[in-house]
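If you read the sequences in order, they're chains F and P.
Residue 17 in numbering that gives the first Met the number 0 sits at position 18 of the first sequence, with consecutive numbering throughout.
Residue 16 in numbering that gives the first Met the number 0 sits at position 17 of the second sequence, with consecutive numbering throughout.
In short, the hints are calculated from the structure, not lab data.
Each hint should be verified, as a subset may be incorrect.
Claimed, not checked - Simulated restraints, written as ranges between beta carbons of each label pair:
#1 F:Gln41 to P:Ala86: 25 to 35 Å
#2 P:Gln169 to F:Lys164: 49 to 59 Å
#3 F:Arg30 to P:Lys174: 46 to 56 Å
#4 P:Gln169 to F:Thr139: 54 to 64 Å
#5 F:Met107 to P:Leu127: 36 to 46 Å
Using N, Cα and C, we set each Cβ at its ideal position, and we do this for glycine too.
What follows is each chain in one-letter form.
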Amino acid sequence: MARVLETSFEYYRRSQLQSLSLPAKVRALARLLRENLPMTMQGVGVVMPLFAGVDLTVSPPEPQIYFYDPLGAQFHAVGYAASGSGAGTIRSILSFQDRYGQPRPTRMNLKQAVQFALRLLMIASEFDSATGGVNPDAQTFATIKVLRGSGVENITAERQGELLKP
Amino acid sequence: MTEEPYRWLEAIGNRREYVREQLKGGSPVFATASPDGILLLGVGTGHSKVFELFDRHALAGLGHPADIEKIRQAAIDAAHLEAFNRAPEDVSLRRLIGFGLSPQLKTNFEQIFSAPFLLELLLAEVGLEPGQDLIARLHFDGAFQLNTKGVVVAASQPEAETSARTWLNQKLTGKTDRGEITETVLQAWWCLMENKSFNDGLPPEAERRDGWRKAVNGRSVEIGWLARKGNRRARYEELTPAQLGL
């Protein structure tokens, strides 16, 4: 799905000489999920993705998070979202942090956000055998990408190791 | 029946003459390879001469806007299809032109009862190393030449094109600053537009500098930059003369 979307967004941008708007990108993923429905009903290829984008139509550009159900319905998340089998375990932590924590997820800097996300993955993997988890001692880290108005930045395993240090 | 081959030759000759006549006065486009990347330049009306095709590929052309658009779309379609079916690394300019655009242009040119494409094109592919760059000069009849370095020009008159290219290659040898390259290329653009002879001595540099600045008034200098290195997969970037200090 990521490859289909990447190709179609880039194709649109180059051929039409303008970028596809964020709402159109959100709907494009919803359409893909709907088209995948027969496979989902057969138990093959169930996907519940998260979609993050930067809305460039407002100033300053605003980050937006969307989550989906397998039928293709899209929901706008306000500050955070989690998906996958381990998400149930950590959603309550996210909710707690968002309501009572300091800082809240939307107020975290990069170091805090990476630390928080990696620790959540460690917790999730303890309660859910299908969550891969993170093991800093074995240099096993997650795939983390940071979305900014200027583009997408990859946070390498080495960097994650550094950011995880207190 | 015996005169048919002659009719064919005459028809093709007429067609070639017609295309050249239609392209007369067209604003030339340029591509220059440098150690940091490839710079494409044209003077038009904004998004009319220089375009991004794919991650490491760009196009610049002169001619009828509808024809440029057709070829641009065909190239973008082919590149994205190839990238999706295989991988982005498999998209190559040599194949795009050799198996896609060139045969399409040749077929169209030889179908004497349909309208010919009115265009002259430059296509560029930036490589990992300077020696791997490719700049293709693609003509309206499908003929093409591949170049791996230096400056390539597409203009409506073949003789003027060759002279401008020779002059630019001499002037730009060893130059790497994008602003300096753009300044020189724009001087060549002005000389071509004003039909100045590159062989019999050009106007002094001060006049050339002044000339292009006056001539681009009311037009848009379109500059495309294909960066050799970068974090993003798409290496194409649109630049303005102001960004280059001009």
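Could you work out which earlier hints the structure fails to respect and list their numbers in ascending sequence?
No hint contradicted; all consistent.
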